[in-house]
Amino acid sequence: MGNLFGVFSPYVGWTSFGVNWSVVFMMGGVLPSSFWLGGYPLIISISELLRGLGREFGSLLSGFQQPGSLLIPSSVLLFIVFSNLGGLLPYVFTSTAHLSFTLSLALPLWLGQILLSSYKQPLWVLGHLVPEGAPMSLGPFMVLIEITSNLIRPLTLAVRLFANLTAGHILVVLLSSTCGGLTTFLGLSILVLLFVLELAVCIIQGYVFSTLNILYFSESETKVMVLK
Amino acid sequence: MFGFGELPKEYNVKIHGPYDPAVYYGPKDTPLSEVKLGQLPAWLSRRSKNPVDWVRAGSRGYWRWSHKYLFPKHSGIVPVVQMAVGLSFFFWALNMSDIRKHKLQKYHW
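Respectively, the protein sequence lines represent chains E and W. So the first sequence is numbered by my numbering: it starts at 431 and just counts up by one. So the second sequence is numbered by my numbering: it starts at 1324 and just counts up by one.
Be careful, since some hints might not be right.
FRET-style restraints, in silico, Cβ to Cβ [stated by the list, open to error]: (1) W:Tyr-1385 x E:Tyr-441: 56 to 62 Å; (2) W:Val-1408 x E:Gly-448: 52 to 58 Å; (3) E:Ser-475 x W:Ile-1422: 51 to 57 Å; (4) E:Leu-568 x W:Ile-1422: 56 to 62 Å; (5) E:Ser-619 x W:Tyr-1334: 23 to 29 Å; (6) W:Tyr-1348 x E:Arg-590: 49 to 55 Å; (7) E:Ser-548 x W:Ile-1422: 45 to 51 Å.
Derived by calculation from the structure, the hints in this document are not laboratory data. Heads up, the beta-carbon is just placed ideally off N, CA and C, and yes, glycines get one too.
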C-alpha cells in the first residue's frame, strides 16, 4: 500500500479485478452447518445470542411480528458483525468499509419496505407524512421534511457503517506509523485501547444497522399489511 | 450438476452405515504421510484428475477439521483462532505481491 487508503484497496497487483472482495463469500462459512443434532458450542452460543436479540427485535415490531420477520435482520446483523470483525484481523479486507457494499445492503432493504407499504396502503403512507399532533399550518413543510427524511434513510444507514469502519481503520494505520521510534510505547498503548474500541464499534454498528431496519419496517407496517 | 449435493456413488448405507462427509468411500489407498518418496509419482498418478474430485477432497478435509476442532463439546476458542489465522494467512498470500513492495518504500503507512 502506497498511501493511507491503500489498506482499503480491493485490487491486488497481479490481477485487474478485485480479488479481495472474495472475503464477502467467506463470511457465509463462519458458521458452518452442524453434524450432530445438538449443534456445536460456537453455534449454540450464537443461537442464544440471537434468541435474546430476537426478543428485543420482536418488541420493536410493535405486535405485528410475523413468522420469519426476524430472519432478515438477524442474518444482516451476523453478516455485518462478522465482516467487521474479520476486517480487524491482519491483512484481511474489510468489505463494510466501502460505500458500494454498505449501500447495496441498505438500499434494497429500505426500497423493499417503501415499495411494499406504498403498494399495499398508499393513503396510509401519504397520511403519515404529517406526524400526529403537528399543527396543520406547518403541514406543507412537514411533508417535505418527512419525504426528505424517508429518502435519506438508506444513505444514512450505509454511510454510518462505512464511515465508522473507515475512520477506525485509518486511525489504526496512522497510529501504527508512530510505532518503531521513540514514541513506540505510547503508540502501542493507545493502539491497544483503540483496538478494544474498534471491537465494540464493529458489534455496535451491526446492531444499529439491523435495529434501524426493524424500526423502519415497523413504521411502515400496519394490520392491513399482515400477510395471510 | 457435476454430482454436487449428491451422495458419492461408492456409498452404500447398508455397508457403510450413516453417511459421514469426512470419510472417503472409494477404494482405499496409502495415506500421503505413509507414502515413500520413490512411490510418490505412482501415488500421484493414481489420484483423480477431475477437478470435481479435488473439490470433494477439500470438502472431506474441511469436515475432518470440523469433527476434530469444531464439533466437540468443549472445543473452546481453538476453532475460532484457527479460522482467524487461516483467513489472515489467505489474505496475506493473496496480497503478497503488494506487501512485498513495502520493504522498498521510504515512508510506510
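Here's how the hints hold up against the structure:
1. W:Tyr-1385 x E:Tyr-441: 56 to 62 Å: 29 Å, violated
2. W:Val-1408 x E:Gly-448: 52 to 58 Å: About 24 Å separates the Cβ atoms of Val-1408 of chain W and Gly-448 of chain E, which means 52 to 58 Å is violated.
3. E:Ser-475 x W:Ile-1422: 51 to 57 Å: 34 Å, violated
4. E:Leu-568 x W:Ile-1422: 56 to 62 Å: Holds, since Leu-568 of chain E and Ile-1422 of chain W (Cβ atoms, about 58 Å apart) stay within the stated range.
5. E:Ser-619 x W:Tyr-1334: 23 to 29 Å: For Tyr-1334 of chain W against Ser-619 of chain E, whose Cβ atoms are near 57 Å apart, the range 23 to 29 Å is violated.
6. W:Tyr-1348 x E:Arg-590: 49 to 55 Å: Cβ of Tyr-1348 of chain W to Cβ of Arg-590 of chain E: about 51 Å, so the range 49 to 55 Å holds.
7. E:Ser-548 x W:Ile-1422: 45 to 51 Å: Holds - the Cβ-Cβ distance for Ser-548 of chain E and Ile-1422 of chain W, about 50 Å, lies within 45 to 51 Å.
When the structure is compared with the earlier hints, violations turn up for hints 1, 2, 3 and 5 and for no others.
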